[in-house]
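Residue numbers (numbering that gives the first Met the number 0), protein chains in the order written: chain A, 0 to 139; chain B, 0 to 502.
Calculated directly from the structure, the hints in this document are not laboratory data.
Honestly, I wouldn't trust all of these hints.
Stated by the list, open to error - Take a look, some chain B residues computed to stay more than 12 angstroms from chain A by CB distance:
1) W62
2) V69
3) P281
4) Y348
To be verified - FRET-style restraints, in silico, Cβ to Cβ:
5) B:E246 to A:P117: 24 to 32 angstroms
6) B:I243 to A:Q125: 41 to 49 angstroms
7) B:Y229 to A:A14: 40 to 48 angstroms
Unchecked claim - Here are some, though not all, of the chain A residues that point toward chain B, as calculated from beta-carbon distances under 7 angstroms:
8) H29
9) E33
10) D39
11) L47
12) G49
13) F121
14) R122
15) Q125
16) Q127
Beta carbons: idealized from backbone N, C-alpha and C, even for Gly.
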Amino acid sequence: MIERSDIVDTLAGLALFADLTRPQLEAVAHTFEEEWFNEDQRILRQGLAGSAFYVILEGEVAVKIDGERRSTLGRGDFFGEVSVLLGGPPTADVVAARAVRCLVLSGPEVEGLLMTYPRVMFRMLQAQARRLQQANRWRS
Amino acid sequence: MAELNRPFAPGTYPVVIVGSGPGGLQLSYFLRRLGIGHAVISSDEAPGGMFRHFPLFERLITWSKRHTPVPLNSRPYDWYDWNSLLADDPSHRVLVPDFMDGTSIFPSRQEMERGIAAFAERNRLDVRYGCRWVATRRHNDGFTLETTDGEYHCRVVVFAVGVAEPWKPEIPGIEHVPHYVEMRPAREYAGKRVFIIGKRNSAFELADALHPWAKQIIMASPRPVVFSLYNRSPAASVRARYVIPYEDHLFGGGTFALDAAIDRLERHADGWRIFATGTTHPVAFTFEADVLVAATGFTTPLADLRALGLKTFSHDRIPSLTPFWESATVPGVYFGGTASMGAVGLRKYGLGSLSGGVAGFRHNMRILALHLAQTYFGVDVPKRELRPDEVVPFLLAEANGAPELWNQRAYLARVVSVQPDARVFDEGVLPLQYFLDSSGPDAVAITVETDDHGEHRPAAYVRQRGAINEVVLPGDPLLNFDGQDHHARLAEVVRPLLPPASF
Numbered sequence: 000m001i002e003r004s005d006i007v008d009t010l011a012g013l014a015l016f017a018d019l020t021r022p023q024l025e026a027v028a029h030t031f032e033e034e035w036f037n038e039d040q041r042i043l044r045q046g047l048a049g050s051a052f053y054v055i056l057e058g059e060v061a062v063k064i065d066g067e068r069r070s071t072l073g074r075g076d077f078f079g080e081v082s083v084l085l086g087g088p089p090t091a092d093v094v095a096a097r098a099v100r101c102l103v104l105s106g107p108e109v110e111g112l113l114m115t116y117p118r119v120m121f122r123m124l125q126a127q128a129r130r131l132q133q134a135n136r137w138r139s
Numbered sequence: 000m001a002e003l004n005r006p007f008a009p010g011t012y013p014v015v016i017v018g019s020g021p022g023g024l025q026l027s028y029f030l031r032r033l034g035i036g037h038a039v040i041s042s043d044e045a046p047g048g049m050f051r052h053f054p055l056f057e058r059l060i061t062w063s064k065r066h067t068p069v070p071l072n073s074r075p076y077d078w079y080d081w082n083s084l085l086a087d088d089p090s091h092r093v094l095v096p097d098f099m100d101g102t103s104i105f106p107s108r109q110e111m112e113r114g115i116a117a118f119a120e121r122n123r124l125d126v127r128y129g130c131r132w133v134a135t136r137r138h139n140d141g142f143t144l145e146t147t148d149g150e151y152h153c154r155v156v157v158f159a160v161g162v163a164e165p166w167k168p169e170i171p172g173i174e175h176v177p178h179y180v181e182m183r184p185a186r187e188y189a190g191k192r193v194f195i196i197g198k199r200n201s202a203f204e205l206a207d208a209l210h211p212w213a214k215q216i217i218m219a220s221p222r223p224v225v226f227s228l229y230n231r232s233p234a235a236s237v238r239a240r241y242v243i244p245y246e247d248h249l250f251g252g253g254t255f256a257l258d259a260a261i262d263r264l265e266r267h268a269d270g271w272r273i274f275a276t277g278t279t280h281p282v283a284f285t286f287e288a289d290v291l292v293a294a295t296g297f298t299t300p301l302a303d304l305r306a307l308g309l310k311t312f313s314h315d316r317i318p319s320l321t322p323f324w325e326s327a328t329v330p331g332v333y334f335g336g337t338a339s340m341g342a343v344g345l346r347k348y349g350l351g352s353l354s355g356g357v358a359g360f361r362h363n364m365r366i367l368a369l370h371l372a373q374t375y376f377g378v379d380v381p382k383r384e385l386r387p388d389e390v391v392p393f394l395l396a397e398a399n400g401a402p403e404l405w406n407q408r409a410y411l412a413r414v415v416s417v418q419p420d421a422r423v424f425d426e427g428v429l430p431l432q433y434f435l436d437s438s439g440p441d442a443v444a445i446t447v448e449t450d451d452h453g454e455h456r457p458a459a460y461v462r463q464r465g466a467i468n469e470v471v472l473p474g475d476p477l478l479n480f481d482g483q484d485h486h487a488r489l490a491e492v493v494r495p496l497l498p499p500a501s502f
């Protein structure tokens with residue numbers, strides 16, 4: 000039986016992977032695992048080490064610190080990268096605000112992905128810079 | 000007469016299990032121990048599930064060791080025997096090693112099949128063979144399964160149907176390509192150029208088997224090979240036993256392992272032409288091959304369950320499950336055996352569970368049986384009360400030798416609760432994710448984890464007034480977690496939960 004897989008098409012439409020060729024997108028799609036989370040399911044747990052990097056393909060998640068909702072992320076957004084890059088536990092819970100389909104890359108594999116695809120690293124830096132800019136605006 | 004002797008005639012049962020592989024048999028065994036009535040139906044003609052056919056060429060990749068540091072038949076021994084099903088009666092344990100000839104720690108397919116059949120026979124586990132599930136209806140109070148023998152009505156259904164249906168990705172031309180399961184004896188490929196789509200275990204199994212016969216072997220898939228030696232995970236990586244074809248690739252001996260996305264496949268009178276594009280290196284490839292095979296994995300046979308709202312993931316191959324292996328979207332539908340991998344768990348440091356193999360899912364099935372008994376049928380299993388001074392030695396003994404915690408690292412955990420009246424109870428082995436995401440009294444859960452440096456260490460999760468605190472204990476070069484440092488550190492962790500003067 001052949002099941003249709005649209006992950007490569009979905010990846011092609013996300014800013015993070017916009018610079019990759021089709022074969023590179025296929026390699027990325029095979030590198031990540033796909034997971035599906037029901038509404039209210041915890042995806043990332045505040046304070047627990049060994050977590051992963053997630054890219055949202057469908058749905059919406061809530062970012063919560065000590066139970067308080069701080070922000071919402073949707074299709075094309077990613078999370079978990081800060082704890083992976085800094086080697087510490089996540090500082091927030093991430094909970095499915097409604098059903099969510101994600102791509103997941105384990106923490107130890109993230110460095111390899113970024114070094115293999117520097118354009119993905121650049122896009123991630125851009126996204127982080129925007130988040131920092133927004134946070135600074137919010138404070139001022 | 001034969002029909003009269005067949006068990007589990009169509010009708011109404013509290014639970015119906017579909018499947019007679021190791022998952023279905025293991026669950027049936029534990030449900031019976033708990034006194035839960037159930038029927039087991041299977042489209043097969045004999046027990047064994049996928050091991051009646053696979054692996055095609057090689058031994059299994061999971062060990063069963065007879066000579067170990069712990070006694071045969073002891074609970075810690077199960078860590079050294081990943082293939083035998085669990086049983087409370089010592090004479091029904093260690094069954095797979097009993098059939099092994101001692102030439103390898105990895106059983107052959109036939110040895111594994113005999114071990115499973117012996118488990119079914121010695122435990123007198125009834126199965127209605129030759130009864131195929133064809134459709135499913137959902138009601139307010141349960142389900143109706145339509146089968147080739149008639150209708151079964153039940154409150155709870157458990158599908159232990161394996162993840163063994165051939166699966167192929169969407170590539171133009173692949174519909175005519177044989178799957179791994181269609182391979183013939185290795186000698187029939189003598190002098191052939193063989194192209195294998197895939198670079199995971201089944202692809203390497205083929206490459207290893209055809210190595211003495213094929214004149215060229217090319218394996219190709221988009222992602223570079225991931226060996227268990229590299230990511231330290233027995234799941235979702237190519238095992239060290241298959242390293243020889245890769246060494247051949249490295250030495251230039253005629254076997255190739257290429258990182259390439261397959262663009263399209265063309266069939267000709269005398270073979271195949273494969274068009275591909277390199278992923279690690281951007282090269283356009285055109286390959287000629289006499290034999291083309293898709294070693295691209297398997298999917299769960301879900302029949303009409305998607306129409307009931309069942310959600311899946313991993314290219315629509317695996318059902319999405321709760322920590323107790325219930326469909327995340329269709330309450331009352333559970334999955335046993337290999338499909339229990341649909342409850343992913345935490346995947347800490349990237350290490351998945353072993354639920355995709357007997358080693359892991361046999362423990363899941365024991366927990367699932369108890370969960371069903373308690374949740375649906377009001378079975379009350381008394382919990383063992385612990386003295387406060389027993390807590391630390393008990394938890395460390397579990398970290399040292401509990402097979403559940405070693406087979407299912409960071410997935411299953413031993414839980415001890417402290418009730419408001421300060422009484423302490425052993426809550427048994429539970430899914431770690433359930434413990435972390437549920438509320439309850441103060442408690443501590445201990446599991447074994449492997450960090451990103453490959454070090455195995457006990458990890459304690461302390462729930463106090465609803466908040467969870469993670470404490471990773473020291474490792475040990477010989478994996479002895481019973482030293483003074485471990486006792487002192489764990490005592491420090493659990494002391495706030497227990498009455499004063501407990502230590």
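Going down the list of hints, with the structure as the test:
Listed as outside the interface, B:W62 is consistent with that label: its C-beta sits roughly 24 angstroms from the nearest C-beta of chain A, beyond the 12 angstroms cut-off. At roughly 28 angstroms, the least C-beta separation between B:V69 and chain A is larger than 12 angstroms, which holds for a residue marked as non-interface. A Cβ of chain A approaches the Cβ of B:P281 within 12 angstroms, the least distance being about 7 angstroms, so the stated non-interface status is violated. Against chain A, the non-interface label of B:Y348 is violated: not every CB pair exceeds 12 angstroms, the least being about 4 angstroms.
Separated by about 31 angstroms at the C-beta atoms, B:E246 and A:P117 satisfy the suggested range of 24 to 32 angstroms. For the hinted restraint 41 to 49 angstroms between B:I243 and A:Q125, the CB-CB distance of approximately 45 angstroms keeps it satisfied. About 30 angstroms separates the C-beta atoms of B:Y229 and A:A14, a value inconsistent with the hinted range of 40 to 48 angstroms. Given hint, A:H29 at the interface with chain B, holds; its Cβ is 4 angstroms from that chain's nearest Cβ, closer than 7 angstroms.
Taken as an interface hint, A:E33 checks out: its beta carbon lies about 5 angstroms from the nearest beta carbon of chain B, inside 7 angstroms. The criterion of a C-beta within 7 angstroms of any C-beta in chain B is not met by A:D39, whose closest approach is roughly 10 angstroms, and the hint is violated. A distance limit of 7 angstroms between C-beta atoms decides the matter here; for A:L47 the minimum to chain B is near 5 angstroms, and the interface restraint holds. Given hint, A:G49 at the interface with chain B, holds; its Cβ is 4 angstroms from that chain's nearest Cβ, closer than 7 angstroms.
For the restraint placing A:F121 at the interface with chain B, the shortest Cβ-Cβ distance is roughly 19 angstroms, beyond the 7 angstroms limit, so the hint is violated. Below 7 angstroms, beta-carbon pairs count as interface contacts, and A:R122 has none with chain B, the closest being about 19 angstroms; its hint is therefore violated. At a threshold of 7 angstroms, the smallest CB-CB gap from A:Q125 to chain B is about 24 angstroms, leaving the interface hint violated. A distance limit of 7 angstroms between C-beta atoms decides the matter here; for A:Q127 the minimum to chain B is near 22 angstroms, and the interface restraint is violated.
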